[in-house]
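Asker: Turn these sequences into a full structure, and let the hints steer you where they fit.
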Amino acid sequence: MRGLLALLFVLLAAGPAQGARRFALVVGSNAGDRSEVQLRYAESDAERLARILRDVGDFEAQDVLLVTQADAESVRRALIGINARVRSEPGGALLFVYYSGHGDAESLHLGGTRLDMRELRDLVAGSPATARVLVIDSCRSGAITRIKGGSPGPAFRIAFDRPSAEGVAILTSSAAGEDSQESDSLGASIFTHYLASALLGAADHDGDGRVTLGEAFAYASERTLSASVSTAAGPQHPTYRFDLGGRDDLVLTQPVQAGRRMGILAFSEGGSWLVSEGGSRQSVVAEVTTDAKGARLALRPGSYSVIKRGRDFLLQGEISVTESATTQVEPGSLRRIDYAQVVRKGGTERASTWSAFVQSGVRGSLLELGGAFQMGVGIRFDLPLLAIEGRVGRSTSSTTGERLRIDTRELSLSLGALHAFDLGFFSLGAGVEAGGSWFDQAFHERQTPDRRSYGLQVGPLATIEAPLAGPLHLRIDGALLTYFLPGQGRTETPVTFRAGAGLGMFF
Numbered sequence: 005m006r007g008l009l010a011l012l013f014v015l016l017a018a019g020p021a022q023g024a025r026r027f028a029l030v031v032g033s034n035a036g037d038r039s040e041v042q043l044r045y046a047e048s049d050a051e052r053l054a055r056i057l058r059d060v061g062d063f064e065a066q067d068v069l070l071v072t073q074a075d076a077e078s079v080r081r082a083l084i085g086i087n088a089r090v091r092s093e094p095g096g097a098l099l100f101v102y103y104s105g106h107g108d109a110e111s112l113h114l115g116g117t118r119l120d121m122r123e124l125r126d127l128v129a130g131s132p133a134t135a136r137v138l139v140i141d142s143c144r145s146g147a148i149t150r151i152k153g154g155s156p157g158p159a160f161r162i163a164f165d166r167p168s169a170e171g172v173a174i175l176t177s178s179a180a181g182e183d184s185q186e187s188d189s190l191g192a193s194i195f196t197h198y199l200a201s202a203l204l205g206a207a208d209h210d211g212d213g214r215v216t217l218g219e220a221f222a223y224a225s226e227r228t229l230s231a232s233v234s235t236a237a238g239p240q241h242p243t244y245r246f247d248l249g250g251r252d253d254l255v256l257t258q259p260v261q262a263g264r265r266m267g268i269l270a271f272s273e274g275g276s277w278l279v280s281e282g283g284s285r286q287s288v289v290a291e292v293t294t295d296a297k298g299a300r301l302a303l304r305p306g307s308y309s310v311i312k313r314g315r316d317f318l319l320q321g322e323i324s325v326t327e328s329a330t331t332q333v334e335p336g337s338l339r340r341i342d343y344a345q346v347v348r349k350g351g352t353e354r355a356s357t358w359s360a361f362v363q364s365g366v367r368g369s370l371l372e373l374g375g376a377f378q379m380g381v382g383i384r385f386d387l388p389l390l391a392i393e394g395r396v397g398r399s400t401s402s403t404t405g406e407r408l409r410i411d412t413r414e415l416s417l418s419l420g421a422l423h424a425f426d427l428g429f430f431s432l433g434a435g436v437e438a439g440g441s442w443f444d445q446a447f448h449e450r451q452t453p454d455r456r457s458y459g460l461q462v463g464p465l466a467t468i469e470a471p472l473a474g475p476l477h478l479r480i481d482g483a484l485l486t487y488f489l490p491g492q493g494r495t496e497t498p499v500t501f502r503a504g505a506g507l508g509m510f511f
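Under the numbering used here, the residue at position 354 of the sequence shown is numbered 358, and the numbers go up by one with no gaps.
Because the hints were derived from the structure by calculation, they are not lab data.
If you're wondering where the values come from, they're calculated on a predicted model, not measured in any experiment.
Each statement offered as a hint is correct.
Under the rule of at most 20 Å between Cα atoms (straight-line distance), these lysine to aspartate or glutamate pairs were calculated in the EDC-like manner:
no.: 1; residue 1: K297; residue 2: D210
no.: 2; residue 1: K297; residue 2: E273
no.: 3; residue 1: K297; residue 2: D212
no.: 4; residue 1: K312; residue 2: E281
no.: 5; residue 1: K312; residue 2: E322
Restraint-style ranges between C-beta atoms, simulated for each label pair:
no.: 6; residue 1: R339; residue 2: Q492; range: 55 to 65 Å
no.: 7; residue 1: R413; residue 2: S276; range: 46 to 56 Å
no.: 8; residue 1: G321; residue 2: F425; range: 18 to 28 Å
All residues carry an ideal CB built from backbone N, CA and C; glycine is no exception.
Answerer: This is the structure:
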């Protein structure tokens with residue numbers, strides 16, 4: 005579990021002039037104090053933010069200093085050095101400082117050393133930059149805003165005043181006493197993931213092609229709270245405080261303008277979209293959640309995997325982003341994937357999914373009684389490595405000989421375990437089934453009484469599933485079963501087969 009503090013501390017004296025130079029210090033440290041568990045994504049979070057600032061934030065490459073695996077003295081010297089460069093800018097400048105790693109309300113924990121929070125704040129506050137932004141993604145967020153008088157944002161919808169070009173803003177991603185987290189599925193801290201998505205364009209709610217500080221925090225805060233509600237650590241409630249003297253919002257990034265030299269990915273309808281890159285070892289680039297169509301992301305040219313989440317399934321496809329062009333994402337061009345396949349691939353927060361099915365078919369001869377018509381119903385649970393299914397079946401058969409007619413009814417209950425292989429649009433399952441059966445045999449001959457008996461059966465099981473419409477799917481299965489039936493003085497072991505087809509529905 006990773007503690008996460010997202011403290012956005014903005015000191016805006018007179019607002020930088022249009023086109024003013026922008027400087028950034030971006031720090032990431034997976035290592036904290038010796039007693040703290042090493043983080044997995046703090047340094048990659050910093051690398052991601054630095055890249056976004058260069059790509060869409062009007063920061064020149066030489067003005068973005070990325071520092072990883074550093075100690076407190078290295079960070080102190082780096083910030084003092086940037087302040088010296090800012091001092092030489094005649095037209096004013098923007099200073100953006102970001103930290104991802106261990107920390108608490110008193111200090112940042114950097115590779116066994118500590119940088120006092122007040123010293124960091126003073127270095128930023130004392131910068132000659134006309135606009136100053138400090139983002140700290142670290143532990144124990146709530147203590148900062150509680151001491152400073154911040155208030156928690158309401159669940160899922162952040163009531164957000166626009167920060168001005170004059171004043172102070174303190175923003176945190178969790179309230180006092182709450183845990184904040186990294187996410188293995190996102191490969192990032194939760195808050196930084198949504199902040200990065202916001203800066204790439206997901207937070208541009210008014211569609212003006214720019215992402216302001218207010219838009220970025222509102223989007224990141226709402227999504228952080230929503231994503232953390234169902235986690236074991238519980239929800240993170242964003243908090244903030246502003247001392248404002250104006251109403252002009254600070255523009256952090258301009259995705260549409262950057263798209264003229266990069267590329268734009270536009271979504272033709274609303275929903276929850278996940279964009280990844282990297283081929284078989286994909287890394288999440290951004291996440292867009294919107295109720296309206298027309299959301300846009302500025303991305304580097306290349307191939308991306310796009311996923312839209314539905315209630316019962318995902319839509320997935322490969323999209324190529326071209327330099328200086330807009331690429332539309334149309335749901336009709338994406339491939340549907342049921343959640344059972346997604347669970348097996350580990351591409352969702354779900355640990356399992358389940359379905360129900362009904363089918364009919366035939367069963368081979370049993371005790372020389374010929375073929376039987378069979379009906380069956382069942383449920384199936386799909387896990388990442390295994391599927392477990394239970395099945396109830398009923399079959400009837402009739403055999404007529406020279407002197408005897410026998411009607412047989414069988415009621416069976418079985419449990420199967422199998423591994424599924426996803427082959428394009430369909431899935432093939434292979435495993436084993438075991439169960440028990442109860443038989444009722446009626447002899448149409450007065451001298452022979454009716455007979456009731458039981459037996460056990462076990463054997464290999466195979467299934468084929470293919471999607472149809474919505475949550476419905478086609479199911480075909482077959483089993484080769486060895487029965488163990490009590491006989492006169494010995495156990496009989498006939499081998500039979502079962503084959504059937506029907507419909508299933510995912511829930």
